[in-house]
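Engineer: Using the sequences and the accompanying hints, generate a full structural model.
Chain order of the listed sequences is A and B.
In terms of the numbering used here, the first sequence opens at residue 1 and continues consecutively.
In terms of the numbering used here, the second sequence opens at residue 1 and continues consecutively.
Errors might be hidden in some of the hints.
A pair counts as met if it fits within one copy or between any two copies, since identical chains are not told apart.
[Stated by the list, open to error] Here are the computed lysine-lysine pairs in the DSSO-like style, where the Cα-Cα straight-line distance is at most 27 Å:
1) 32 / 113
2) 117 / 74
3) 32 / 74
4) 74 / 97
5) 62 / 113
6) 113 / 20
7) 76 / 62
8) 45 / 97
9) 67 / 117
10) 9 / 117
11) 97 / 117
12) 74 / 45
I should point out that these hints are in silico values taken from the structure, not numbers from a laboratory.
Protein chains: 2
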Amino acid sequence: MHDEALLRKILIANHQKITKARLTVFNLLRSKEPQAIASIIAGCKGEVDRVSVYRVLDLYEKLGIVKRVNIGWKYKIELSDAFLDHHHHASCLGCGKVMSVMENGELEALIEKLSAKSGLTMTSHVLELYGYCYACDTNTKNRT
Amino acid sequence: MHDEALLRKILIANHQKITKARLTVFNLLRSKEPQAIASIIAGCKGEVDRVSVYRVLDLYEKLGIVKRVNIGWKYKIELSDAFLDHHHHASCLGCGKVMSVMENGELEALIEKLSAKSGLTMTSHVLELYGYCYACDTNTKNRT
DNA sequence: CATCAAATACAACAAAATTGCATTAAGAAT
DNA sequence: ATTCTTAATGCAATTTTGTTGTATTTGATG
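Structural biologist: As C-alpha cells, this is what we get:
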C-alpha cells in the first residue's frame, strides 16, 4: 500500500476527516529526514495555518502516524515506522547533523528481550546516539 | 572520586570556570530523577538566573555532564553516566510510571558497534522503552 | 445538494528560549 | 594579597514556540 493510502485508511479507521491541511502536512513529512516543526510550518506557508499544523501533528501523534525524536536540544517530527523503515538516529553535538542508523535485527531482538525482562509490554522504543561526527571531532573549536 | 570533584575536574580540563551558577545547577541534578528545565529553574530561584541555567545546561551537555532524556512529549535533564550508573528507562504509557533498566553489557556493546559503524564518536546514548506495565496492560481502560 | 459536526483560520495570548550588553567575579599574573 | 583580564552572570528586551477561543469553512453523510 502506498503511503497516502495508508494515511487515509488510518484516518478513516479513527473517524477523522481527510482534509487539505492533513494531506499537506503529511506530504511534507514523506521521504524526508526528521523535520523541525518550524520547517513544517514554513513548508505550509500560504496553505495551512501555524495553529493547524500543531493540531494536525497532535492528532498524528495520537494516531501513531508521526513521532517526535530529540535531536540534541530540539525535537523533530518524523513519520512513524508504519511509513518508514524502523531506524534510530546518530546526532552530532557539534554541528547538529543527524544520521539515520538502520535497523539491526540483533539489536532489536535484544531490546525486545530487555523490555520483557523489565515487565513492560513494549509498544515502541527510541534509541538516540550522541557524539561528534568526523568533521567536528577533528575540529576542537566546535566543542567549546 | 565524589561527584563534585569529578565535575570540577571536567570543567578544569575544558578550561571552564567553576562558578556558583554551575555548582548550584549541578547540585540540583545530583541523586535525583530526570528533571524538567522548569523545575531546575525553580530550584535556582533567587540564586541563579533563568538565562544562566540555560547557559549552564548548554555547556554541561556539550561537555557530556548532563543529557536529555525523552519522557513522552517532554524532555528532562539528568546527569550523564559519569555520575550515575548507566541505565535506561521503561515508561508506562498508561500510568506514567518510569522504571530504570540497568545496563546490559551485550546491548551496550552492540550500541558501541553501531555508533562506530555510523561514523560517530559517541559520547552518550539514550534508550527509552515505551509500553504498558503489567497492571495497565491487564486493564484496558487505561489504554485510551 | 442540504445538513451538521468537525476542522480550519485568524487573532489574541502565554510560555519557553535567546540575545545584547553592562556588571561581576574567577582565576592567572605579578 | 592585589591587580588584571576575560569569561560568566544578571537583567531587560526580544524572539520563538506553543495554546486558546471563536467565527467561518469544509468534508462526509444521507
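Engineer: All the hints need checking, so say for each whether the structure fits it.
Structural biologist: These are the hints, each one checked on the structure:
no.	hint	in the structure
1	32 / 113	between (30 Å within a copy, 26 Å between copies)
2	117 / 74	between (30 Å within a copy, 24 Å between copies)
3	32 / 74	both (17 Å within a copy, 23 Å between copies)
4	74 / 97	both (12 Å within a copy, 22 Å between copies)
5	62 / 113	within (22 Å within a copy, 32 Å between copies)
6	113 / 20	neither (39 Å within a copy, 44 Å between copies)
7	76 / 62	both (16 Å within a copy, 20 Å between copies)
8	45 / 97	within (25 Å within a copy, 35 Å between copies)
9	67 / 117	both (22 Å within a copy, 25 Å between copies)
10	9 / 117	neither (31 Å within a copy, 37 Å between copies)
11	97 / 117	between (34 Å within a copy, 16 Å between copies)
12	74 / 45	both (22 Å within a copy, 25 Å between copies)
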